[in-house]
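Starting from the known structure of chain E, fit chain P onto it as the hints suggest.
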Amino acid sequence: MTQKSDDGSSSAPEIKELEQIGRRSDTRDVLNHATHQAIAQYEDYFIVDIDAHVSEDQFWGEVLELIDNDVWKHIGLDQFGSFGGGNALLNLAPGLSQQSVGGRIGHQGRREPVEGVAGHPFVTAARRGMDALGLDYQVVFPSAMLVLGMHPQDEVEVVLARAFNRWLTEVVLPQDDRLKGLLYLPFNTPEVCEELVEKYKDDDNIIGFTVCSTRNNPVHSDVYSKLYSMIEATDKPLAFHSGYHWGDPSFAQLNRFLSMHALSFTHYNQIHVTNWIINAMPERFPKIKMLWVESGLAWIPFLAQRLDHEVLMRPSEAPGLTKLPSEYMREMWYTTQPMERTDLGMLEATMKFFNAETQLLYSSDWPHWDWDAPSTISNLPFLSEQAKRNILGLNAAKLFNLDATRKRPPAQQTLDERPGVS
Amino acid sequence: MAAQNIKPLRDVVIGKYDQLRTRERVVLDIDGKEVGVYFEGDEVRAWLNVCPHGGGPVCQGKIMPRTVHNFLPGGKSGGLGHHESERNIVCPWHGYEFGILSGEHPIKSDVKLIAVPVRISDGDVILSV
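Note that the protein sequences, when read in sequence, are chains E and P.
Letter 362 of the first sequence, counting from 1, is numbered 362 in this note's numbering, and no numbers are missing.
For any residue, its number in this note's numbering is found by taking its place in the second sequence, counting from 1, and adding 1000.
Looking at chain E on its own, in the form it has when it is part of the complex:
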């Protein structure tokens, strides 16, 4: 390629060609622009990403090997080696997994080369993402298990929960202090949730517990009372991570992935928050720290207003409450992604409504298709400097009791090591 300047005065420009980004591109190349954003906007911030996924399906065989039941281990490995692959034992419907928009978005289900790098390839990929995005900590969560609550076989959820939690705590998290985990709770089987909380409650790398919201369990049921008491005693948060399920009869009416995805990620957390509040769970478990993950923000004022409106008319149906649902909701925590931002006036009002400055935690959801960079917060014109710092990391440090000193390398160092060609 010709490389010369026509201005006749200065030296010839330095020109390099940038390659197309695809599924096998290095994470640091894909996120090169985000690294530049880090330098320009938030290099001195402390940043925590509460929800990221990497791509554990590549290592699903390692999880299956840790299943503690001989029969399910055999079935899982048999499927893994034949038609099931990374979906072995799971209730995902690969033909309905249209996240990539026909291959337009290549980073979900990434397969980047990590050969020659010491350590587990999952950790290598995660570290590249953390460095490129400018994260001090990242909480990794299993994508493949997000709809496991809808699995018709509770015992499969149990054996996969035990195996995944072992893989997370024994293989992944010990390799990088910047990676943290939320323990997967097989919520269809409460007594196993209790067993797992007891087993992992003192693991420093497990900073909280997660229920995948895509399920039909009433969260106010007394079968969970002991579990909530145990979690409350740990002082670690309980997160409900939302998801989708096209098989839900209501969503089966929707003929596009975007329609189903837009509604379902808010649907499940709306149901669980409603049950949680109307059944006075904040009064019955006043110290439990509730975090609602991956529903965006627009649903929060919607639901709060709906519940306030009806509770005032029908107090006899929510007699355990001592204040309005919106007031309880302002005492909970929420994560940012996928943050609706096509109308900044509405977003500003939403954040003001639930005191985002203290209650909101940044989450990337990287590498899923609708991920958010930290710049989605640092770019907001109406937030104060302190509010940005709180949302991007300090609120998480407080909620999860994290050491809020810088852990990541300088963004410029990341660029120097991988200048971004792909």
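Read the hints as simulated data drawn from the structure, not as lab findings.
What you are looking at is a predicted structure, and each value in this text was computed from that prediction instead of being measured.
A virtual CB, placed ideally from N, CA and C, is assigned to each residue, including glycine.
Hints should not be assumed to be uniformly reliable.
Stated by the list, open to error - Simulated restraints, written as ranges between beta carbons of each label pair:
#1 P:E1043 x E:A93: 39 to 45 angstroms
#2 E:Q41 x P:F1071: 43 to 49 angstroms
#3 P:E1043 x E:H309: 54 to 60 angstroms
This is chain P only, laid out in the frame that chain E set:
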């Protein structure tokens, strides 16, 4: 902003038109300024490699046919199809799409790419960056 901070544009020859047009698209980093150059029929366009949505490397994604919803008489749906000629630039970060020639989002036209001046002169493709 002070006027002295604005760098004047300078012309940069990036190659021969006859050679580059066979490439369909090239994305270049020219002294830190990233530009995607597209060759569509006899037309040439250059767009800044920065997505108006989130700042992603918009020109480094796929080029896809524009998807259309075919409408049939009587208000019936004819289903989805690919436009026979129009193609879109797709941002690899989140899938935002923009017409190669217009630089506009197919649904909201005021969401658009930033044009970089480009011309053909004496067989050379010249960008003003």
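Structure-based check of each hint:
1. P:E1043 x E:A93: 39 to 45 angstroms: holds, 42 angstroms
2. E:Q41 x P:F1071: 43 to 49 angstroms: holds, 44 angstroms
3. P:E1043 x E:H309: 54 to 60 angstroms: holds, 56 angstroms
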